[in-house]
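Asker: Note that the protein sequences, when read in sequence, are chains P and S.
Okay, so the first sequence: first residue is 1164 according to this note's numbering, each after it adds one.
Okay, so the second sequence: first residue is 170 according to this note's numbering, each after it adds one.
Note that these hints are calculated values from the structure, not bench results.
Some hints could be false.
[As the list claims (entries may be wrong)] Just a few of them, taken from the derived set where beta-carbon distance is under 7 Å, the chain P residues facing chain S:
| no. | residue |
| --- | --- |
| 1 | Ala1341 |
| 2 | Val1390 |
| 3 | Lys1400 |
[Stated by the list, open to error] Simulated pairs of lysine to aspartate or glutamate, EDC-like, Cα-Cα distance not exceeding 20 Å:
| no. | chain 1 | residue 1 | chain 2 | residue 2 |
| --- | --- | --- | --- | --- |
| 4 | S | Lys314 | S | Asp261 |
| 5 | S | Lys314 | P | Glu1337 |
| 6 | P | Lys1400 | P | Glu1337 |
| 7 | S | Lys314 | P | Asp1365 |
| 8 | S | Lys314 | P | Asp1212 |
| 9 | P | Lys1400 | P | Asp1373 |
| 10 | P | Lys1400 | P | Asp1365 |
[Unchecked claim] Derived Cβ-Cβ restraints for the label pairs, each shown as a range:
| no. | chain 1 | residue 1 | chain 2 | residue 2 | range |
| --- | --- | --- | --- | --- | --- |
| 11 | S | Asp399 | P | Asp1238 | 19 to 27 Å |
| 12 | P | Gly1288 | S | Asp229 | 33 to 41 Å |
| 13 | P | Pro1401 | S | Arg269 | 45 to 53 Å |
| 14 | P | Thr1369 | S | Asp229 | 46 to 54 Å |
The beta carbon of each residue, even a glycine, is placed where N, CA and C say it ideally should be.
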Amino acid sequence: MDSQLLSDTFVDLADTMVADFDIIDFLHMLTDRSVRLLAASAAGVVLADPRGELRIAAASSEAAELIELFQIQNDQGPCLDCFRTGQPVTAADLSGPGQPWPEFAAAAVQAGFRTVEALPMRLRGQVIGALNLFRTESALFEPADLRVGQALADVATIGLLQERNLRRSETIAEQLQAALNSRIIIEQAKGKLAERYDLAMDQAFTLLRDHARETNQRLTETARNLVDDTSADFPLKPGK
Amino acid sequence: MTQSPRAVLWGQIAEHASRHDRGVSVASVCAVAVASEGVSGAWVTAASGQTPDVIMYVTDPVAEQLAELQLTLGEGPGQDAQASAAPVLVADLEAGEPSRRWPAFTPGARQVGVGAVFAFPLTIGAIRAGEMGLYRDSPGPLTPKQFGECLILADAATVFLLDDAGGSVTRGYNGVNGRALDLWPPDLARHRAQIDQATGMLTVQLGVTAGEAYVRLRAYAYARDQRLADVARDIVARRLRLEPDPAPDGEP
Chain P
1164 MDSQLLSDTF VDLADTMVAD FDIIDFLHML TDRSVRLLAA SAAGVVLADP RGELRIAAAS
1224 SEAAELIELF QIQNDQGPCL DCFRTGQPVT AADLSGPGQP WPEFAAAAVQ AGFRTVEALP
1284 MRLRGQVIGA LNLFRTESAL FEPADLRVGQ ALADVATIGL LQERNLRRSE TIAEQLQAAL
1344 NSRIIIEQAK GKLAERYDLA MDQAFTLLRD HARETNQRLT ETARNLVDDT SADFPLKPGK
Chain S
170 MTQSPRAVLW GQIAEHASRH DRGVSVASVC AVAVASEGVS GAWVTAASGQ TPDVIMYVTD
230 PVAEQLAELQ LTLGEGPGQD AQASAAPVLV ADLEAGEPSR RWPAFTPGAR QVGVGAVFAF
290 PLTIGAIRAG EMGLYRDSPG PLTPKQFGEC LILADAATVF LLDDAGGSVT RGYNGVNGRA
350 LDLWPPDLAR HRAQIDQATG MLTVQLGVTA GEAYVRLRAY AYARDQRLAD VARDIVARRL
410 RLEPDPAPDG EP
């Protein structure tokens, strides 16, 4: 493991929590760093919606997003079991026989994944979501990597729940709704940028995030301003 | 197989609307909240941009007073819920925190016998449609199940407000024949990202606000008897573009 990147990651995660915190930016950082640190091919974060469903909050790639969505839609897979039990769940050798989640295994293999590790996001006995790691090869994650992955998930959980102003004693449920709404704002802004400049959705996200960083704004605020702006003069342009 | 909470609540909204011989609306949403979520009354206000919010429906005089108090004073759980895009749950108005947070609203609410207030933003991402407020004459929190169901009711109220504001073709639908159900669950939760992306794309294609874009997306699906998720997927894949409305008088 890249120990420099590991320490940088914890510093960055802590930084984000102190300064202007944007939950979706934070969760994207978490998935990106999980991929780089833990020898994963992709990563995703799902959060519990009190409406009784899991929702995807961030994914490092379109393939990861699709396979998370497949599990939610089909009510089957390691990430769901992890969320329900609050325990890590391993799905190894997904192309082999005797799969505990046969439809999920087939979909994962089709998306290019052979190994999945789902790590719970827990706080005080409540499971609020899961960090999911995907590998294209059929090889289990190292125990040391999984310990780091769980630590990242734990830090993210604390960050997620302290995001909002704690002196207002908002409940976890109230805070999660704001996070889920942030994700919607960002998807709306991605669509607007993608249409305006003929970009793929991931390019649109990169453009949005870079603009937020350059202008020192929170990602959600940048996205909201963009969606709210009805002027013909677009406030944001792709690469100079 | 048991029905999802969403399907059950939409069924109740549709049933209430048909019993009162009208299309589904925020009135039915408020009635279902009172019947099913252990609250005494409910109100819905619509955000109207620059001007003050407008009261769209109240179930009773106390609900009306609470909605008016917030609008008059410019403070309250409803304003905070809209500002933060998150619910604001006040399980006990007698506790110290509400008095500090809303020094004018809290005594006014207590005076009319209110023990708890729960405010839900009617929001889809950047789209702000208004507020749904619930109150109970006695203090105490919503249970987790009630909280989740109130979120689903708020989703329904959001759609009805947007449809009404947009004068949408979906306005005439009613839930009795199941059409309302088709347009909402489970598509929205499960295909969330593509529906939101398509909404953003339509703001550019049609030159409209996000709220109008969302109404147009739903109207297109409804008029063609297609699933919202399928229409959204086609727009995101750039297989489908929507055209701006022609001028109302038919002139180019």
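Asker: Taking only the CA atoms, is the gap from Lys1400 (chain P) to Asp1373 (chain P) under or equal to 20 Å?
Answerer: holds (11 Å)
Asker: With a cut-off of 7 Å on the beta carbons, see whether Lys1400 (chain P) makes it to chain S.
Answerer: violated (14 Å)
Asker: Was the hint right that Val1390 (chain P) lines chain S, CB cutoff 7 Å?
Answerer: Holds. Min distance 4 Å.
Asker: Just to be careful, I want the Cα atoms of Lys314 (chain S) and Glu1337 (chain P) compared with a cutoff of 20 Å; is the pair within it?
Answerer: holds (14 Å)
Asker: Would you mind confirming whether the straight-line C-alpha gap from Lys314 (chain S) to Asp261 (chain S) stays at or under 20 Å?
Answerer: The hint holds at about 19 Å.
Asker: Verify the proposed pairing of Lys1400 (chain P) with Glu1337 (chain P), using a straight-line Cα cut of 20 Å.
Answerer: violated (34 Å)
Asker: Check whether the Cα positions of Lys314 (chain S) and Asp1212 (chain P) lie no farther apart than 20 Å.
Answerer: It holds: about 12 Å lies between the C-alpha atoms, which stays within 20 Å.
Asker: Given the hinted pair Lys1400 (chain P) and Asp1365 (chain P), is their Cα-Cα distance within 20 Å?
Answerer: holds (15 Å)
Asker: Starting from Lys314 (chain S), check that the Cα of Asp1365 (chain P) is at most 20 Å away, please.
Answerer: Violated, at about 36 Å.
Asker: Range hint 33 to 41 Å: satisfied by the CB atoms of Gly1288 (chain P) and Asp229 (chain S)?
Answerer: holds (39 Å)
Asker: Is the interface hint satisfied for Ala1341 (chain P)? The criterion is a beta-carbon contact with chain S at less than 7 Å.
Answerer: This interface hint holds because 4 Å falls under the 7 Å limit.
Asker: With respect to the beta-carbon atoms only, verify the hint that Asp399 (chain S) and Asp1238 (chain P) lie 19 to 27 Å apart.
Answerer: Between Asp399 (chain S) and Asp1238 (chain P), where Cβ atoms are some 21 Å apart, the hint holds.
The structure shown violates the earlier hints numbered 3, 6 and 7.
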